[in-house]
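These are the residues of each chain, in order.
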Amino acid sequence: MNDNVIIKTEDLCKHYRGGVIRALDGVSAEIKKGEVVVVIGPSGSGKSTFLRSLNLLEIPTSGKILFEDVDITNPKLDVNVYRRKMGMVFQHFNLFPHMTILRNMTIAPMKLLKKTKEEAEAKALELLKLVGLEDRAESYPSQLSGGQKQRVAIVRALCMEPEVMLFDEPTSALDPEMVGEVLDVMKNLAESGMTMLVVTHEMGFAREVASRVIFMDEGQIIEEGTPADIFENPQNSRTQSFLSKVL
Amino acid sequence: MEWFNKWLDTLYNTFMVDQRYMTIVSGFEKTIVITFGALLIGVIIGTIVAIIKVFADGNKKLKILDVICNIYLTVIRGTPVVVQLLIAFFIIFVSAKDGTMVAIITFGVNSGAYVAETIRSGIMAVDSGQNEAGRALGFSKLRTMQYIILPQAFKNILPAIGNEMIALLKETSVAGYVAVVDITKAANQIKNTTYDQINPIMLVALIYLILVIGLTKLLNVFERRLRKSER
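As you go down the protein sequences, you meet chains D and R in turn.
Per our numbering, the very first residue in the first sequence carries number 9; after that it's consecutive.
Per our numbering, the very first residue in the second sequence carries number 1095; after that it's consecutive.
For the record, the hints were derived by calculation from the structure and aren't laboratory data.
Glycine included, C-beta positions come from ideal geometry on N, C-alpha and C.
Derived lysine-lysine pairs resembling DSSO-like cross-links, with alpha carbons at most 30 angstroms apart:
| hint | chain 1 | residue 1 | chain 2 | residue 2 |
| --- | --- | --- | --- | --- |
| 1 | D | Lys72 | R | Lys1157 |
| 2 | D | Lys93 | D | Lys195 |
| 3 | R | Lys1154 | D | Lys84 |
| 4 | R | Lys1154 | D | Lys72 |
| 5 | D | Lys93 | R | Lys1235 |
| 6 | R | Lys1157 | R | Lys1147 |
| 7 | D | Lys122 | D | Lys41 |
| 8 | R | Lys1235 | D | Lys84 |
| 9 | D | Lys84 | D | Lys41 |
| 10 | D | Lys84 | D | Lys72 |
| 11 | R | Lys1235 | R | Lys1154 |
| 12 | R | Lys1155 | D | Lys84 |
| 13 | D | Lys93 | R | Lys1154 |
| 14 | D | Lys119 | R | Lys1147 |
| 15 | D | Lys84 | R | Lys1147 |
| 16 | D | Lys125 | R | Lys1235 |
| 17 | R | Lys1235 | D | Lys131 |
| 18 | R | Lys1155 | D | Lys72 |
| 19 | D | Lys119 | R | Lys1154 |
| 20 | D | Lys123 | R | Lys1249 |
| 21 | R | Lys1157 | D | Lys84 |
| 22 | R | Lys1249 | D | Lys119 |
| 23 | D | Lys123 | R | Lys1235 |
| 24 | D | Lys195 | D | Lys137 |
| 25 | D | Lys41 | D | Lys195 |
| 26 | D | Lys122 | R | Lys1235 |
| 27 | R | Lys1249 | D | Lys125 |
| 28 | D | Lys84 | D | Lys122 |
| 29 | R | Lys1249 | D | Lys122 |
| 30 | D | Lys93 | R | Lys1155 |
| 31 | R | Lys1311 | R | Lys1249 |
| 32 | D | Lys119 | R | Lys1155 |
| 33 | D | Lys137 | D | Lys123 |
| 34 | R | Lys1235 | D | Lys119 |
| 35 | R | Lys1157 | R | Lys1249 |
| 36 | R | Lys1235 | D | Lys72 |
| 37 | R | Lys1235 | D | Lys16 |
Per label pair, the in silico range of CB-to-CB distance:
| hint | chain 1 | residue 1 | chain 2 | residue 2 | range |
| --- | --- | --- | --- | --- | --- |
| 38 | D | Gly140 | R | Arg1321 | 27 to 37 angstroms |
| 39 | R | Gly1152 | D | Asp19 | 24 to 34 angstroms |
| 40 | R | Ile1181 | D | Asp79 | 50 to 60 angstroms |
Throw the hints in and build the complete structure from the sequences for me.
As structure tokens, then:
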């Protein structure tokens, strides 16, 4: 198999109520190293479910998820080991409110990667500097704006040195004036070569940063291609109608 | 003024003669020791039971543990604490000479059942995104609980734990049933030796009241401080 592929799903399904509701209905996709894949689609199309099933926050009903050729849906595997290699950023940030920003960023590397406090903090501060928040290390999440929280959430995930970053609508809960600062961080991350899978409604970001765009609807991948393919020349009528509404 | 002097005389006879006030002092110590010992046991048992019940929700492997927890909760909450105390002292720990340890354990096990439900509600009140964030970083279920969920849950339920402590303090007044000379029993003993039917009992009531008011004040201070750190 192509060793550039980091994540590959085969016929991934997530059914509720014995198949009456099909959040995911046979999704097969590949994410290669260094790619920035943006998933778009109407709400309820299954794009978030797809993203969340990749690190098994949603347990798929059937199908395979191959992470570097290992099927992580195998219940005998310790999924925690694989989750450490996949950073995740949530719509609602999910910073830990009872810890300082620095502690938010160092607890996982210290407890899970057995880094020393000094190592973990040095790395955290370096990353905070990168997103312009080094002076907030000792603050608590409640003292930060939404955009700042999301930037912290991104670098918290980066502290684990993941091989791929998953973004679940990272700007959807932000005030409009804060969307830009988060997208900038993501853009820089993409340029640094990070493999990213992004579920978003930010079509501008998709067009500019994505190496590939996937359009999903009703739990299926309807169409995928380069941003130019999808945005300028969509083939499927559902893609066309969706884009005509959002662009 | 005469009745007042008479009252002072009675007080002197009741409490000072033969240093009888010392019974009250040592009874006070017993009451405090039993209350805090039981609270500690209660919080430990309550935390364990709450975690089991939360984890057992949707996990068939923990079914047996869940059933055991439910039996524990039902039995403890379905019988009076005095009866539990009698069972503990006369049936389970038959060889115990001192009732204090038995009382601590019994009140602890009893309190655990109530604390468990409180802690469980505290855990449920923590946003599910917190659990997801912990799991996504690679923490196991148990570690996520330990580092991320429980600290937030305890913060939420601190007032309820405080109330439990106050309830426990008053409940321990039945410890006299198993030969523990707590503060209530001490008053009763003084009453029986001195035939003073009023003052020992009123004194003990006053002590309980002052303790509860003090604890309530302390809790309020605590709560205010916690709320401040959230801003």
